[in-house]
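Model the full assembly from the supplied sequences, consistent with the hints where possible.
Residue numbers for the sequence shown follow full-length UniProt numbering, beginning at 1 and rising by one.
Mixed in with the good hints, there may be bad ones.
As a list, the in silico BS3-like pairs of lysine-lysine whose alpha-carbon atoms are at most 25 Å apart [said to hold, decoys possible]:
(1) Lys65 to Lys46
(2) Lys80 to Lys57
(3) Lys80 to Lys61
(4) Lys12 to Lys65
(5) Lys37 to Lys65
(6) Lys57 to Lys76
(7) Lys61 to Lys76
(8) Lys12 to Lys37
(9) Lys46 to Lys12
(10) Lys12 to Lys80
(11) Lys57 to Lys12
(12) Lys61 to Lys46
No wet-lab data here; the hints were simulated from the structure.
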Amino acid sequence: MIWIQNQLVGVKESHQITLECHSEAYPRSINYWTREKGDIISHGAKYEPELIDNAYKVHMKLTIKSVNISDFGTYKCVSKNSLGDTDGSIRLYQIPNPTTTISTIETTQPSILIGKDQHVAQKPKYRTPKPTYTTRNDIARITQDADHNYEHKSKGNELNSNTGELTTDHSSSKDYSAPHLAHMCYAVMLFIIEQNL
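Right, here's the structure in full:
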């Protein structure tokens, strides 16, 4: 009778592994290991079979050193006596080695190159215009100029005592255009606003 605890054993390549099975027979049996095609495995640099006898019970071990790709497959432990023979199978499979993947993350920072034909774009600078204020002195000056012009214009207008008509001296009069009047109105409005603040 053959009894095998582990019928499927995994191992990584280039590692060492030991296969085990137990045999019990009467009369005493001859015990050995074979490959799946029936080739008997003998003691050598690659394989190391071991038998531990205990009366009619035998503990069979097979140590495989430095397992390579050709060592994977089926192994049989065989027990044979005068009454017959029996065997058990153990399948050896490959455990893949873990693959280590190193991932690198490259970070690039923008660089500014200044060469002969290269220019660095700069952000436009915005300046807030300074507010201009019309002071009381400015308004007074504008008003004085307006009074002076009015007086100057009045001097150019004379009453003819003979005819009773008003004559105008065009050489001394000034033309009061609409923009000038608008400027005067604007100055007066600023003065009123300043008084209310």
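Do the hints match the structure? See the list:
Taking the CA atoms of lysine 65 and lysine 46, the gap is about 5 Å. The hint holds against a cut of 25 Å. Distance check on the hinted pair: lysine 80 and lysine 57 sit about 13 Å apart at the alpha-carbon level, within 25 Å; holds. A hinted pair counts as satisfied when its Cα atoms are at most 25 Å apart, and lysine 80 with lysine 61 qualifies at roughly 16 Å. A threshold of 25 Å between alpha carbons decides the hint, and for lysine 12 with lysine 65 the separation of about 12 Å falls inside it, so the pair holds.
Note on lysine 37 and lysine 65: the hinted pairing holds, with a Cα-Cα distance of about 20 Å set against a maximum of 25 Å. Pair hint lysine 57 plus lysine 76 holds up; C-alpha atoms about 17 Å apart against a cutoff of 25 Å. Under the criterion of a C-alpha separation no larger than 25 Å, the hint pairing lysine 61 with lysine 76 is consistent with the structure, at around 11 Å. Straight-line distance between C-alpha atoms of lysine 12 and lysine 37 comes to about 23 Å, which keeps the hinted pair within the 25 Å bound.
Of the supplied pair hints, the one linking lysine 46 and lysine 12 holds, its CA atoms being roughly 16 Å apart against a limit of 25 Å. Straight-line distance between C-alpha atoms of lysine 12 and lysine 80 comes to about 32 Å, which puts the hinted pair past the 25 Å bound. Annotation: proposed proximity of lysine 57 to lysine 12 is violated, straight-line Cα distance about 31 Å (limit 25 Å). Taking the CA atoms of lysine 61 and lysine 46, the gap is about 14 Å. The hint holds against a cut of 25 Å.
Checked against the numbered hints given earlier, this structure breaks hints 10 and 11; the rest are met.
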